Amino acid sequence: MSEVKKPFTIESYLENIQNKKLTGTKCKDCGEMYVPIRKLCKKCSSTNMEWIEMSGEGKLAAFTSITVGTPLFVERGYGRNKPYCFSVVTLKEGPMISGQLVGVDESKPETIKIGMSVKATFLESESNGKTRVDLGFEPI
Amino acid sequence: MGKLARKVAIVGAGMSKFGVHYPKKRNPDLWVDAWLDAVQKTDNGIGPKDVDACYVGNFTSDLFNHQGHLGPQIADLVGLCPKPASRFEGACASSGIALRQAILAIASGAHDVIAVAGVECMTEQPTVKVTDALAAASDALFEYPAGATFPGLYATVASAHFKEFGTTEEDLMRVAIKNHENGVENPYAQMQKSIKQLMESKKKKCAERGMDVPDWKDEFDFLKSSSNMMIAYPLRLFDCSLVTDGAACLFLAAEDVAKKYTDTPVWIEGTGQGSAALSLHDRDILTTFTATKEAAKQAYQMAGLGPKDIQIAEVHDCFTIAEILAMEDLGFYEKGKATEAIRNGDSKRDGSLPINTSGGLKAKGHPVGATGAAHAVEIFKQLRGIAERNRQVKEKPEIALTHNLGGSGGTCVVNIYRV
Ligand SMILES: [Zn+2]
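In the order they appear, the protein sequences are chains A and B. Throughout the first sequence, residue numbering follows the numbering used here, covering 1 to 140 in sequence. Throughout the second sequence, residue numbering follows the numbering used here, covering 141 to 559 in sequence.
These are computed hints drawn from the structure, not numbers from a lab. These numbers were taken from a predicted model, which means no experiment stands behind them. Positions of the beta carbon are idealized from the N, C-alpha and C atoms, including for glycine. Treat the hints with caution; some may be incorrect.
[Said to hold, decoys possible] Label-pair distances were calculated between CB atoms; the ranges are:
id, chain 1, residue 1, chain 2, residue 2, range
1, B, M351, A, F122, 44 to 50 Å
2, B, K475, A, E53, 35 to 41 Å
3, A, N81, B, D449, 48 to 54 Å
4, A, N19, B, M351, 52 to 58 Å
5, A, S45, B, K189, 46 to 52 Å
6, A, N81, B, L281, 26 to 32 Å
7, A, K92, B, E340, 38 to 44 Å
8, B, P222, A, G129, 48 to 54 Å
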């Protein structure tokens, strides 16, 4: 893939997100996969890593619907009358990752089911005149 | 896991009144209150000349008060300069770490007596800023941009625990009700009102203002109503600990000198500390805090004791769900079984294993960096039979445990005590 020559840094990972690609790294020695990426394998201490592109599909592992949000989310119009969901998703390939969960009824969190299938979506927002892309998930 | 090279005891312990004190009292004022209280509770007296070093636990005075470099500031206020003074940071486990490092330093022989401080003045900032500062204890790179707040992360853990073990909102409410009932009996607590009392006063207020009086039958009705606002589903306001200003002080001494200060030292039997990845998504499991399991394993091993030997515990209930996880991860109950024990009343003051007799972080308050030291203050009192009002447990316990958790479970310190 095109990322093949990128250094294994947070910045590279975030650039890929910005380009609407969810990437990870895979340890060539023990097979462990990392999302977000890592340069050093915490299982076997190898630095023999390769880039992988994730399918973005997975299952909802845990979530919350937040009414008292972070300043960034308050700025985006979320709050008491418009809660948003933070979620942890177990990707099909194995690793877990955090993201905003969209396409659900945030004000009826009891209708959101852990274990449901979700896929990655890339959420655009304007910040200081720049378009920012964040990883999110939505039900399949 | 080794033994301590020599024994260490707490010979005096005290705290400031916990509450909303700013601007009437700031960190230095709160710390001096805690020091004076601890001096007063050291049977044979103690002074700065007796103390070899000062270990300060504080999470983020940098963000709360624009003050870093807390060690010498805290030490100077009580006449401890020029002796060594250092600050330890591990989010809400900061003073738990300071306490543990003091234990290890005394056991090593480097120092004989150390003053452990826990200080945090949170209410200088508006709630939005406090929430944002606390979020610094979670992962800033990948959780925070996804919208994670501190309550949000514990709510996320709760959702997984609900799903796996059938835990309910009522189970969480029982934790809050119990801890508030304990807080009533603690003159140092921020919130000295039971949830029933709070419910009744809300009804009274409605009546006085000529509004419809809510028909809540009991605390559960009240806690399920819109009066208990949702913060991060399934956690509501009464599932969250308080925003608090407060300080605590512990005097630790080596076995060689402990008896100089008191005839009844509270001995440290075991100490342990564990870590876990900062982000929930970087962990293997969401319904267990592995840092707690590790810290407990080390402490039990050092003490030569197990969870069944513990007679009283102060655990880190920053959110109600955290008390449930602690009860399980410390080995008091099997995974998924803590809620049953709570329903039985086992964790009440007169139960088989009283938990958070101080009122917990829920009612006593949670000045984050002071919490670990304050845990030990309650245990010091309970083991010596001097807990105030009606909260001394009837059969005076002899073996106790404290559990201090940092952030969303990234750091944990567990200590075991015996009198
Ligand atoms: Zn590897």
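Checked hints:
Against the hinted window of 44 to 50 Å, the Cβ-Cβ separation of B:M351 and A:F122 comes to about 48 Å, which satisfies the hint. With their beta carbons about 36 Å apart, B:K475 and A:E53 fall inside the hinted range of 35 to 41 Å. Distance hint check for A:N81 and B:D449: the Cβ-Cβ separation is about 51 Å, which falls inside the suggested range of 48 to 54 Å. Judged by the Cβ atoms, the range 52 to 58 Å given for A:N19 and B:M351 holds: they are separated by roughly 55 Å.
For the hinted restraint 46 to 52 Å between A:S45 and B:K189, the CB-CB distance of approximately 49 Å keeps it satisfied. Evaluation of the 26 to 32 Å hint for A:N81 and B:L281 yields a pass: the beta carbon distance comes to about 29 Å. For A:K92 and B:E340, the Cβ-Cβ distance of about 53 Å falls outside the hinted range of 38 to 44 Å, so the restraint is violated. Under the hint 48 to 54 Å, the C-beta atoms of B:P222 and A:G129, about 53 Å apart, fit the expected range.
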